[in-house]
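Under my numbering, think of the first position of the sequence shown as 1, with each following residue one higher.
Quick caveat, the hints were computed from the structure, so don't treat them as lab data.
Heads up, the beta-carbon is just placed ideally off N, CA and C, and yes, glycines get one too.
Heads up, some of the hints might be wrong.
Once the Cα atoms are required to be at most 27 Å apart in a straight line, the calculated DSS-like pairs of lysine-lysine come out as [to be verified]:
id, residue 1, residue 2
1, Lys-118, Lys-313
2, Lys-94, Lys-211
3, Lys-68, Lys-313
Label-pair ranges, simulated between beta-carbon atoms [as the list claims (entries may be wrong)]:
id, residue 1, residue 2, range
4, Ile-96, Pro-218, 45 to 53 Å
5, Ser-92, Asn-162, 24 to 32 Å
6, His-304, Ala-133, 19 to 27 Å
7, Glu-238, Leu-282, 19 to 27 Å
8, Asn-181, Trp-345, 15 to 23 Å
9, Lys-154, Pro-131, 22 to 30 Å
10, Lys-118, Gln-153, 46 to 54 Å
11, Gly-93, Ala-326, 42 to 50 Å
12, Pro-125, Asn-181, 18 to 26 Å
13, Gln-113, Pro-203, 38 to 46 Å
14, Pro-84, Lys-118, 43 to 51 Å
15, Trp-345, Thr-88, 22 to 30 Å
16, Ala-336, Gly-278, 36 to 44 Å
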Amino acid sequence: MRSCVVTEEARMKMKRDLGIGYALLGASLGAIVLTGTAAHAAEQITFVSQGGVYQQAQTVAILDPSAKKLGITINQDSIPDAWPAIKTQVGSGKPIWDVVDTPTGYCLRGGEQGLIEKLDFSKIPNAAAMPEAYRSPYSVSYEFYSSVLAYSQKTFPKDAPNSWVDFWDVKKFPGRRALRNHPIATLEAALMADGVAPDKLYPLDVDRAFKKLEEIKPHITVWWTSGAQSAQLLNDGEVDMEMAWNGRVSAVAKEGAKVAFTYNQGILQSTSLCILKGAPNLGTAVNFLNEAVDPVHQANLPVHIDYGPGNPKAFETNVIKPERAAQLPSEPANAAKQALMSYAWWSSPAGEAAEKRWASFMQK
C-alpha cells in the first residue's frame, strides 16, 4: 500500500500557504456546529478538513453559507492526515464522518479500495458543470495551489527565469537553487525542462525525468522538505531561485522580501471533496458537495486565503476582483500556463514505482 506521496501532501498543506504554521482549532473542531433552519434540524453531516487558518477560511466562505442555504447542521472535525482514519472508520462498518476535504490522491486510492463512495454527478450539477479534469468518479476539486518557479528579484532585477528550461540553464541564470525533496511536481518540472509541453506530460517518462534531474542535481544547494523551509530560503536570501508553493512565495513577498514567481509551467495541484463509503448521512452529504462547489461559495474562498477556487465558474461571479483573480493559481489564464497534476497517474503502479525510485536518486 502506498502512503507517503499523499500523506506528505497532507502534512505539507497545513504549512504551505500564507506562512502559517499548523494549528488545530482546539483539539478538534467536532464541537463546532453550523446550523441551518430548525425545520431541517434532523439533517446533518460531519465535515472533516485539515484545521488551522485554512479551515477557518472555508468555514466563513463555504461551510456557513452552505449550512444556511441547505438548512442543515454541519458538524466539523479536523485532522492533518485523514487516510488512516478513513481506513479505520470504513473498515469498522460504522463510519462517523461524511465528507472529507483531503488531497485528491486519497479520494482516488480510497475509491479503488472501496473506502470512498462513487459519485453520481446527476445529483451534483455544480460539479458536473466543472471541467472533467477537475473531478474523478470519487471526488470533486475543492481548491487549487501551484508548485511554481520562484526567484529573488535582487538577483534577477531584469530578465528573470521564466521556465524550468531557465531553471536548468545554470550559465544564463547562475545562482543558488533549491528543489523539493519529493517526486511529485519535481518530476514534472524536470520533463518540462527537457522540452515536454505541460499538456503532454502524462504518463510521465520517468527515466527521462530522472536523467534530467541528474543534470541539475550538482547545482541544487538545498532539497527542501517543508513549505516553511522553502519560504525561509527565499526570505533569508539563501537561494536565488527555487520550486515553491505559490502561497508561500506570496506570503514572503507580502512581508517585504524582494521575491516573485511565475505561473508559467507551474504544476497546478488540488485538494478535493469525497464521501466515505457507508457515510451515515449520504443523501445530505451529496447535497452538500453540490452546494460546496457552488460558484458563489467558491468565489468567497480567495477573499479569506490564498487558494484558488476549485470551480472555475467562480471567476464569472464578479465576487473575485480582477486584480485578485490574477494572483490565483486556478484563474483560467493562469491555469492555461500550467500543467494540471494527474493524481490518477501518481496513484497508479507507475507512480508508486517513481516514488520508490526517488529515494534511491536522493541517496546517490
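Hint-by-hint comparison with the structure:
1. In summary, the hint linking Lys-118 to Lys-313 is supported, as the alpha carbons are separated by about 24 Å, within the 27 Å threshold.
2. At most 27 Å may separate the alpha-carbon atoms for a hinted pair to count; Lys-94 and Lys-211 exceed this at roughly 48 Å.
3. For a cut-off of 27 Å, the pair hint linking Lys-68 to Lys-313 stands: about 21 Å separates their Cα positions.
4. In this structure the supplied range 45 to 53 Å holds for Ile-96 paired with Pro-218, their Cβ-Cβ distance being about 50 Å.
5. The given range of 24 to 32 Å is broken by Ser-92 and Asn-162, whose C-beta atoms sit roughly 51 Å from each other.
6. Checked against the hint of 19 to 27 Å, the C-beta distance between His-304 and Ala-133 comes to roughly 26 Å, which is consistent with it.
7. The hint said 19 to 27 Å for the Cβ distance between Glu-238 and Leu-282, and at roughly 50 Å that hint is violated.
8. Taken as a hint, the range 15 to 23 Å holds for the pair Asn-181 and Trp-345, whose Cβ atoms sit roughly 20 Å apart.
9. About 39 Å separates the C-beta atoms of Lys-154 and Pro-131, a value inconsistent with the hinted range of 22 to 30 Å.
10. Our hint of 46 to 54 Å for Lys-118 and Gln-153 holds, since their Cβ atoms are close to 48 Å apart.
11. The supplied range of 42 to 50 Å is met by Gly-93 and Ala-326, whose beta-carbon atoms lie about 48 Å from each other.
12. Between Pro-125 and Asn-181 the C-beta distance comes to about 41 Å, which lies outside the given range of 18 to 26 Å.
13. Range check, Gln-113 to Pro-203: Cβ separation about 22 Å, and the 38 to 46 Å hint is violated.
14. Roughly 22 Å separates the CB atoms of Pro-84 and Lys-118, a value that falls outside the hinted 43 to 51 Å.
15. Range check, Trp-345 to Thr-88: about 27 Å between beta-carbon atoms, so the 22 to 30 Å window is met.
16. One distance hint, 36 to 44 Å for the beta-carbon pair Ala-336 and Gly-278, holds here, with the actual separation near 39 Å.
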